Structures are given as structure tokens and as C-alpha cells.
Amino acid sequence: MRKIIDSAIETIIFICGMLSIVFVVLIFGFLFKEGFSFFRNFGILKFVTGHFWYAASDPASFGILPLILGSTLVTIGACTIAVPIGVMSALFISEIAPKGIRDVLKSLIELMAAIPSVVIGLIGVITLVPFVKNIFNLPTGLTAFSGSIMLAFMAIPTIITISEDAIRSVPWKYREGALALGATKWQTVRRVVLKAAMPGIIAATMLGIGRVIGETMAVMMITGNAAHIPHSIFDPVRTMTATIAAEMGEAVRGGMHYRSLFAIAFVLFAITFIVNFMADLFLGKNKNI
Amino acid sequence: MVNKIEVRDLNCYYNKRCVLESLTINVIQNEILSIIGPANSGKTTFLRTLNRMNDLDATYCRKGEIYLDGEHIFNMNMENLRKRISMLFAMPIPLPMTIYENIVYAPKRLGLITRKSDQDAIVEQALRDASLWDEVKDRLNTSAMKISGGQQQRLCIARILAVNPEVILFDEPCSGLDPISTAKVEESMIELKEKYTIVLVTNNVKQASRVGDKTAFFLMGKLVEIDETDKLFVSPKEKQTENYITGRFG
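Protein chains in written order, with the numbering used here: chain A, 41 to 329; chain B, 2 to 251.
Just so you know, these hints were derived from the structure itself, not from any lab. Heads up, a few of these hints could be off.
To be verified - Covered stretches of chain A (chain B as the covering partner; in silico rule of three or more C-beta atoms under 8 Å from a C-beta of chain B):
(1) 224–236
(2) 289–295
As the list claims (entries may be wrong) - In silico BS3-like links for lysine-lysine, alpha-carbon gap of 25 Å or less:
(3) A:Lys235 with B:Lys117
(4) B:Lys17 with A:Lys139
(5) A:Lys235 with A:Lys225
(6) B:Lys240 with B:Lys207
(7) A:Lys139 with A:Lys213
(8) A:Lys213 with A:Lys235
(9) B:Lys185 with B:Lys196
(10) A:Lys225 with B:Lys109
(11) B:Lys207 with B:Lys196
(12) B:Lys194 with B:Lys207
(13) B:Lys109 with A:Lys235
(14) B:Lys238 with A:Lys235
(15) A:Lys213 with A:Lys225
(16) B:Lys207 with B:Lys185
(17) A:Lys213 with B:Lys147
(18) B:Lys109 with A:Lys213
(19) B:Lys109 with B:Lys196
(20) B:Lys147 with B:Lys223
(21) A:Lys73 with A:Lys86
(22) B:Lys194 with B:Lys147
(23) A:Lys213 with B:Lys185
Please read these numbers as outputs of a predicted model, since none were measured by experiment. Cβ atoms here follow ideal geometry from the backbone N, Cα and C, with glycine treated the same way.
Work out the full structure: start from the sequences and follow the hints.
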């Protein structure tokens with residue numbers, strides 16, 4: 041009897057463990073199936089490098105280069121803002137802040153992570169967009185820049201929480217070892233603590249990037265949704281995710297437009313996969329030190 | 002017979018509980034002072050007060066005076082003090098980097114390496130002085146976490162030597178090591194006293210008798226007795242000391 045329970049539990053755990061693999065494979069297969077038929081009709085190179093996204097015109101043009109650039113611009117902008125702020129806040133919380141402040145900060149940051157993206161988008165539209173328009177004297181405040189700022193807000197809590205865990209799990213003795221040699225607090229933090237916590241910080245950054253690339257609602261509300269190739273970060277852009285969300289409702293099921301959206305999803309999936317894969321490679325490289 | 006460190010009436014507390022009581026003791030230049038005593042006798046607290054590692058602990062406070070070459074250490078800049086009084090911990094603490102980087106870490110931070118070309122020479126000299134060079138010379142760029150415990154501890158010694166301090170504090174440096182590694186560490190300690198002043202805290206009474214010029218016996222936060230090692234082990238003045246070194250308690 042005990043043996044049966046044992047093997048039953050083992051099987052259940054095994055199935056749960058395998059589920060995520062099954063899901064990823066299924067999603068990938070589905071996207072591939074829908075996207076592949078599109079690529080066969082339209083041509084993958086023309087799709088990825090095309091300058092114009094006129095999905096509803098006749099004849100239609102499905103060039104997603106502006107969308108890829110839009111996503112890239114917003115993501116890079118958001119990371120440039122979020123990673124330094126996030127890592128430094130994590131350092132402040134774990135190394136400098138007195139206990140009282142630390143507890144308050146931590147719970148506030150966790151609260152920040154729980155704000156739904158549509159709320160962040162709404163606040164952005166009302167406050168940030170007019171602000172950006174006025175301060176940079178632009179025709180519209182709905183730009184990639186505004187989108188980057190709002191997305192940075194959403195990525196920061198993730199980056200802080202995970203980096204802080206990583207920094208705190210650096211054994212206290214490393215700090216003592218470095219301090220006992222006469223290093224200052226900052227030298228210890230920079231060369232020893234940050235270095236030891238680096239795999240965790242990179243993982244935090246990757247999760248942050250994942251959240252930014254995949255974010256839909258806030259960017260749809262803030263970035264202006266103009267599918268043209270942006271010339272600066274102060275241009276309106278449209279991201280891949282926003283395109284899928286905005287146009288899925290109006291595309292004819294099974295039609296060329298419909299399948300092109302799946303093709304976009306496929307490209308998005310490939311990009312996230314590559315980002316994750318590179319992070320893994322980097323982490324593996326760091327491990328032997 | 003120059004006093005390198007003079008401690009006057011030092012009292013240390015954790016959470017208001019007294020762990021070291023009116024300690025007055027001198028450490029003489031280029032000598033090894035061994036401190037023996039059972040657990041909770043304040044030995045490690047004393048060491049960690051000397052280079053102010055304990056200042057990082059919020060529950061700790063202290064009263065009294067400590068002079069290094071006549072200079073009051075509680076008025077000194079903490080980093081400068083730790084550059085002059087270095088510490089080797091009980092467990093080896095290699096920093097999470099390569100062997101090479103472990104050694105150049107501190108000299109670089111302290112601005113002791115002015116030319117990059119000096120770096121290799123400093124690493125080699127430090128490793129030779131810690132008698133580790135032959136064992137690691139072919140793998141200086143492997144992680145310091147991958148060498149054995151005894152080698153790690155000698156790496157930590159090498160790291161300290163690269164900073165060229167005046168005093169080295171050893172906090173039970175051999176507690177995790179096998180007898181052969183222990184002998185190597187003790188050997189290097191005796192060589193080191195030519196150039197440095199050493200304070201050694203040890204749980205191993207025999208070790209104190211092997212390497213110490215002077216030996217002090219701590220009990221329950223008090224200094225019971227301090228004398229030349231030969232005298233203390235042959236004819237201790239206090240009954241408690243005799244009991245401890247003959248193994249009757251502790």
C-alpha cells in the first residue's frame with residue numbers, strides 16, 4: 041500500500057513537472073503551424089524586413105520591421121531606466137537601509153508589482169503623456185519614450201525583488217573577508233557582493249526584460265500605435281504585442297491578416313526565446329568563477 | 002621589546018552583556034601572542050575588536066582604549082586600520098573570483114599597485130610567502146573556490162601578505178584543517194613573525210605552546226594569566242590555567 045502511494049505521488053509530481061514543457065511545445069507548435077502557412081504565402085524575409093504594415097489595405101502589406109523596431113526601442117529604453125534604478129534600489133535595501141525603512145520599502149515594492157498594467161497605462165496617459173509633450177515640445181506625448189518610462193515602472197519591482205534576494209544571499213563572510221583586508225564598504229559591495237550576486241541580478245534583469253517585451257496594455261495606451269519606422273525615441277511607435285491585441289478582433293478568422301498576427305506572435309516568441317537562451321549561456325559562463 | 006599594541010582597560014558588550022572585562026594587555030612587536038581559553042571566554046571578541054570588525058555588529062559596544070604604535074585605534078579611519086591590522090578567519094574565506102584576483106583584490110583597492118607590470122610579481126611573492134606558489138602556479142586563473150580547504154586558507158594568508166600589514170590576527174586558523182595543513186600554516190606563522198606582529202587565537206593548547214612567544218589565558222571574559230609561553234606551560238601561576246592546559250577542564 042505504502043509503495044502504491046509512493047509511486048502515485050511520484051507520478052503526479054512527474055506530470056506536474058512535465059506540464060510546462062508540454063505547454064511550451066504546444067504553444068510553439070501552434071504558432072508555428074499558423075505562422076508557417078503565412079510565411080509560405082508571403083515570404084519570411086519580406087515579412088521581417090518589410091517597411092510597411094498595411095494589414096487592412098488592398099493589396100495588403102505585411103512588413104513588421106516598424107513593429108520590431110518599436111518593441112526593441114521601447115524595451116531598450118525601459119531597461120536603460122529600470123536596470124540601474126532596480127539594482128541600486130536593491131543595494132540600498134539590502135546593504136544600507138536600516139531595518140525599519142527596509143521593511144516599509146519591501147512591502148511597498150511588492151505592492152507596486154501588483155498594480156495591473158492597465159492602471160499604469162491609465163495613469164501614464166493622464167499624467168506622463170502631457171508632461172512629455174510639454175517638456176520636450178513635441179506634437180504628441182504618445183511616444184516610445186513615455187512607453188519606456190511606464191514599462192520601466194513595471195519592470196522595476198521585479199528587478200528589485202529578485203536582485204535583493206540575490207544580494208542578500210551572498211554569504212556575510214565574503215563581506216567580512218573583503219573588509220578585513222581594508223576594503224571600503226563601497227569597494228566590498230562593488231567587487232565582491234555584486235560579483236557574487238551577478239547571476240541572480242542577471243536573472244532579475246532577464247525577467248524584467250521578459251515583462252517589458254511581453255507587456256501589451258500599457259504600451260498600447262501610451263506609445264501612440266503608429267506603425268511606422270521610428271527615427272528617434274520621441275516618435276510614436278507600435279509594438280508587436282499591441283498590434284496583435286489591437287487587430288485580433290478585426291481580422292477575419294483564417295484569413296491572411298489573421299495568420300499574419302500569428303506570425304508576429306511567432307517572431308515575438310522567437311525573440312524571447314533567444315533572450316532567455318543568451319541569459320542561460322551567460323549564466324553558465326559565469327558559474328565556473 | 003617594543004609594544005606594538007597596547008590595550009588599556011577594555012570592556013566589550015553584546016546586547017549589554019559583558020563578554021570582556023577590564024582587559025589590559027600588550028602585544029610586543031615581532032612576537033606571536035597566543036590566546037587560549039575555552040569557548041565564550043572572549044578571545045574572538047578581543048581579536049575582532051582589534052581591527053574593529055565588531056563595529057559592524059549593531060548589538061556590540063565597547064569601552065576602553067587600544068593603541069597601535071601609540072595611536073588610538075578608535076579614532077583611526079577604519080579602512081586604514083584594517084590595512085595595518087589584517088585578520089585571518091577560522092573558516093577560509095576565498096572571495097568568489099580566481100586565485101589571481103583574490104590576491105590583487107585588496108592591493109588594487111588600496112592603491113598599492115601603481116603599475117600593472119608589478120602585479121604578477123606581487124602575486125608570486127605573496128603566494129611564495131604563504132608557501133602555496135608551487136601548488137597553484139599553473140592554475141592562477143581557476144576559481145579560488147575549487148582548491149582544497151588548506152590551500153584556501155593559505156591563499157587567504159597570501160592575500161593578507163599582499164597588503165603588507167603590520168599586525169596579523171589569526172582567529173583559530175587551523176580549526177578546519179588536517180594536521181599536515183596545520184603544520185604548514187604554523188610554519189608560515191613562525192616565518193611571518195620576522196616581519197609582522199601576530200596575535201593567534203586558538204582552541205588548540207598544543208598549538209599555542211608550539212608557536213607562541215607569549216601565551217595568554219582567557220576565562221569567562223577575563224585575562225587570567227599572561228606569560229612567556231615556556232613559563233606559562235611549565236609553571237603556571239594560577240590554578241585555573243594549570244587545570245586548563247593540563248586538560249582537566251575546558
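Hint check:
With a cut-off of 8 Å between beta carbons, the stretch 224–236 of chain A has 6 residues touching chain B; three or more are needed, and the interface restraint holds. Check result for the stretch 289–295 of chain A against chain B: violated, 0 residues qualifying (beta carbon to beta carbon below 8 Å, three or more required). At roughly 22 Å between alpha-carbon atoms, lysine 235 (chain A) and lysine 117 (chain B) fall within 25 Å of each other, so this suggested pair holds. Proximity of lysine 17 (chain B) to lysine 139 (chain A) is assessed by CA-CA distance (about 20 Å); at most 25 Å being required, the pair is judged to hold.
Distance check on the hinted pair: lysine 235 (chain A) and lysine 225 (chain A) sit about 14 Å apart at the alpha-carbon level, within 25 Å; holds. In summary, the hint linking lysine 240 (chain B) to lysine 207 (chain B) is supported, as the alpha carbons are separated by about 19 Å, within the 25 Å threshold. This hinted pair checks out: lysine 139 (chain A) and lysine 213 (chain A) have alpha carbons roughly 20 Å apart, not beyond 25 Å. A threshold of 25 Å between alpha carbons decides the hint, and for lysine 213 (chain A) with lysine 235 (chain A) the separation of about 14 Å falls inside it, so the pair holds.
Proposed proximity of lysine 185 (chain B) and lysine 196 (chain B) is supported: the alpha carbons are some 18 Å apart, at most 25 Å. Straight-line distance between C-alpha atoms of lysine 225 (chain A) and lysine 109 (chain B) comes to about 15 Å, which keeps the hinted pair within the 25 Å bound. With a C-alpha separation of about 24 Å, the suggested pairing of lysine 207 (chain B) with lysine 196 (chain B) holds against the 25 Å cut-off. Between the alpha carbons of lysine 194 (chain B) and lysine 207 (chain B) the distance comes to roughly 19 Å, so the proposed pair stays at or under 25 Å and holds.
Straight-line distance between C-alpha atoms of lysine 109 (chain B) and lysine 235 (chain A) comes to about 16 Å, which keeps the hinted pair within the 25 Å bound. Annotation: proposed proximity of lysine 238 (chain B) to lysine 235 (chain A) is violated, straight-line Cα distance about 52 Å (limit 25 Å). A C-alpha spacing of about 14 Å is found between lysine 213 (chain A) and lysine 225 (chain A), which places the hinted pair at or below 25 Å, so the restraint holds. The suggested pairing of lysine 207 (chain B) with lysine 185 (chain B) holds, with an alpha-carbon distance near 15 Å, which does not exceed 25 Å.
As the CA atoms of lysine 213 (chain A) and lysine 147 (chain B) are separated by approximately 17 Å, the hinted pair is consistent with the 25 Å bound. Pair hint lysine 109 (chain B) plus lysine 213 (chain A) holds up; C-alpha atoms about 20 Å apart against a cutoff of 25 Å. Under the criterion of a C-alpha separation no larger than 25 Å, the hint pairing lysine 109 (chain B) with lysine 196 (chain B) is consistent with the structure, at around 22 Å. Of the pairs offered as hints, the one joining lysine 147 (chain B) and lysine 223 (chain B) is violated, with about 40 Å between alpha carbons and a cut-off of 25 Å exceeded.
A hinted pair counts as satisfied when its Cα atoms are at most 25 Å apart, and lysine 73 (chain A) with lysine 86 (chain A) qualifies at roughly 19 Å. In summary, the hint linking lysine 194 (chain B) to lysine 147 (chain B) is not supported, as the alpha carbons are separated by about 29 Å, beyond the 25 Å threshold. Restraint check for lysine 213 (chain A) and lysine 185 (chain B): the C-alpha separation of about 24 Å stays at or below 25 Å, so the hint holds.
Hint compliance for this structure: hints 2, 14, 20, 22 are broken, all remaining hints hold.
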